[in-house]
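Asks: Sequence order for the protein chains is A and B. Note that the working numbering has the first sequence beginning at 1, numbered continuously upward. Note that the working numbering has the second sequence beginning at 1, numbered continuously upward.
It is worth saying that the hints were derived from the structure and are not from the lab. If you're wondering where the values come from, they're calculated on a predicted model, not measured in any experiment. A few of these clues could be false.
Here are the simulated EDC-like cross-link-like pairs (lysine to aspartate or glutamate), alpha carbons at most 16 Å apart as the crow flies [to be verified]: (1) Lys-45/A - Glu-104/B; (2) Lys-78/B - Glu-104/B; (3) Lys-2/A - Glu-104/B; (4) Lys-11/B - Asp-57/B; (5) Lys-79/A - Glu-15/A; (6) Lys-2/A - Asp-39/A.
Short, incomplete list of chain A residues facing chain B, as computed with Cβ under 8 Å [stated by the list, open to error]: (7) Pro-44; (8) Leu-46; (9) Lys-99; (10) Phe-102.
Label-pair distances were calculated between CB atoms; the ranges are [as the list claims (entries may be wrong)]: (11) Asn-27/A - Thr-76/B: 28 to 36 Å; (12) Arg-1/A - Thr-76/B: 18 to 26 Å; (13) Arg-81/B - Asn-12/A: 26 to 34 Å; (14) Tyr-18/B - Glu-5/A: 41 to 49 Å; (15) Asn-65/A - Glu-20/B: 40 to 48 Å; (16) Ser-68/A - Ser-9/B: 27 to 35 Å; (17) Ser-26/A - Leu-39/B: 36 to 44 Å.
Glycine included, every Cβ here is placed at the ideal spot set by N, Cα and C.
Take a look at the letters that make up each chain.
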Amino acid sequence: RKEVEQDPGPFNVPEGATVAFNCTYSNSASQSFFWYRQDCRKEPKLLMSVYSSGNEDGRFTAQLNRASQYISLLIRDSKLSDSATYLCAVKHGWQGAQKLVFGQGTRLTINP
Amino acid sequence: GAGVSQTPSNKVTEKGKYVELRCDPISGHTALYWYRQSLGQGPEFLIYFQGTGAADDSGLPNDRFFAVRPEGSVSTLKIQRTERGDSAVYLCASSLGGGSGYQETQYFGPGTRLLVL
Numbered sequence: 001r002k003e004v005e006q007d008p009g010p011f012n013v014p015e016g017a018t019v020a021f022n023c024t025y026s027n028s029a030s031q032s033f034f035w036y037r038q039d040c041r042k043e044p045k046l047l048m049s050v051y052s053s054g055n056e057d058g059r060f061t062a063q064l065n066r067a068s069q070y071i072s073l074l075i076r077d078s079k080l081s082d083s084a085t086y087l088c089a090v091k092h093g094w095q096g097a098q099k100l101v102f103g104q105g106t107r108l109t110i111n112p
Numbered sequence: 001g002a003g004v005s006q007t008p009s010n011k012v013t014e015k016g017k018y019v020e021l022r023c024d025p026i027s028g029h030t031a032l033y034w035y036r037q038s039l040g041q042g043p044e045f046l047i048y049f050q051g052t053g054a055a056d057d058s059g060l061p062n063d064r065f066f067a068v069r070p071e072g073s074v075s076t077l078k079i080q081r082t083e084r085g086d087s088a089v090y091l092c093a094s095s096l097g098g099g100s101g102y103q104e105t106q107y108f109g110p111g112t113r114l115l116v117l
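All chains should be built: construct the whole structure from the sequences, respecting the hints.
Replies: As structure tokens, then:
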């Protein structure tokens, strides 16, 4: 079993829909959590960090559930430009510089 | 300012050959990371440097893989006796390092696409 697991999708949703992804992690030492976005043949780019109390950035909302060891990403009013692969990542411990452990990514396509 | 740069962008080699992949991090970033991404998978950690030293090399798959960062800036990932299974995108990332905070952001370069024939 992989340490970080995501539903690979693909998710195909109409423009304007709300879509949610979950990501589960198995290592209880995980302390920092992130969502990255990766466009086709491009590098991953940080979408948002995930804070314990949950956080929102425009149409994007991230939640953390430590008890069940999962993080989620909600995209409201989806746009065509949201089409991408969404990667969740976790970091162990509290030190700033540490490796990220990624899930395999969830592919999202927004249809007009 | 300039982001993380990687060269070459593409590399085609034959099985058994030696390759070097270069990463130039964001200026001032003391932490540098190498990841490998296969098709349909998320990036997989290989090694990270804090300054000149390898702080964690637990992800290197075997002793054919080696990385250096002699002056604490540019890093080179070296792969000896390449195998077809080494074909992947090799991503480099950098971050501020120095204990700047647990939510410290890693910035990725565009990657080197390695194809071993």
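Asks: Hold the hint about Phe-102/A up to the distance rule: shortest CB distance to chain B must be less than 8 Å.
Replies: holds (3 Å)
Asks: Take a look at whether the Cβ-Cβ distance between Arg-1/A and Thr-76/B falls inside 18 to 26 Å.
Replies: violated (34 Å)
Asks: Need the status of pair Lys-11/B, Asp-57/B: alpha-carbon distance at most 16 Å?
Replies: violated (23 Å)
Asks: Does Lys-2/A pair with Glu-104/B here, judged by a C-alpha cut-off of 16 Å?
Replies: Outside the cut-off at roughly 24 Å; violated.
Asks: Just tell me: holds or violated, for the beta carbon distance of Asn-65/A and Glu-20/B against 40 to 48 Å?
Replies: holds (43 Å)
Asks: Given the proposed pairing of Lys-78/B with Glu-104/B, does the C-alpha separation stay at or below 16 Å?
Replies: Between Lys-78/B and Glu-104/B the Cα gap is close to 27 Å, so the pair fails against 16 Å, i.e. violated.
Asks: Could you grab the alpha-carbon distance between Lys-79/A and Glu-15/A and see if it respects the 16 Å cut-off?
Replies: The hint holds at about 6 Å.
Asks: Honestly, do Ser-26/A and Leu-39/B meet the 36 to 44 Å range at C-beta?
Replies: Violated: the Cβ-Cβ distance is about 24 Å, outside 36 to 44 Å.
Asks: Quick check on the hint: Leu-46/A CB to chain B CB, less than 8 Å?
Replies: holds (5 Å)
Asks: With a cut-off of 8 Å, does the beta carbon of Lys-99/A approach a beta carbon of chain B closely enough for the hint to hold?
Replies: With a closest approach of 4 Å, the Lys-99/A hint holds.
Asks: Range hint 41 to 49 Å: satisfied by the CB atoms of Tyr-18/B and Glu-5/A?
Replies: Check failed, 35 Å falls outside 41 to 49 Å.
Asks: Given Pro-44/A was flagged as interface, is its beta-carbon under 8 Å from a beta-carbon of chain B?
Replies: Check passed: Cβ of Pro-44/A comes within 5 Å of chain B, closer than 8 Å.
Against the hints set out earlier in the document, violations occur for numbers 2, 3, 4, 6, 12, 13, 14, 16 and 17.
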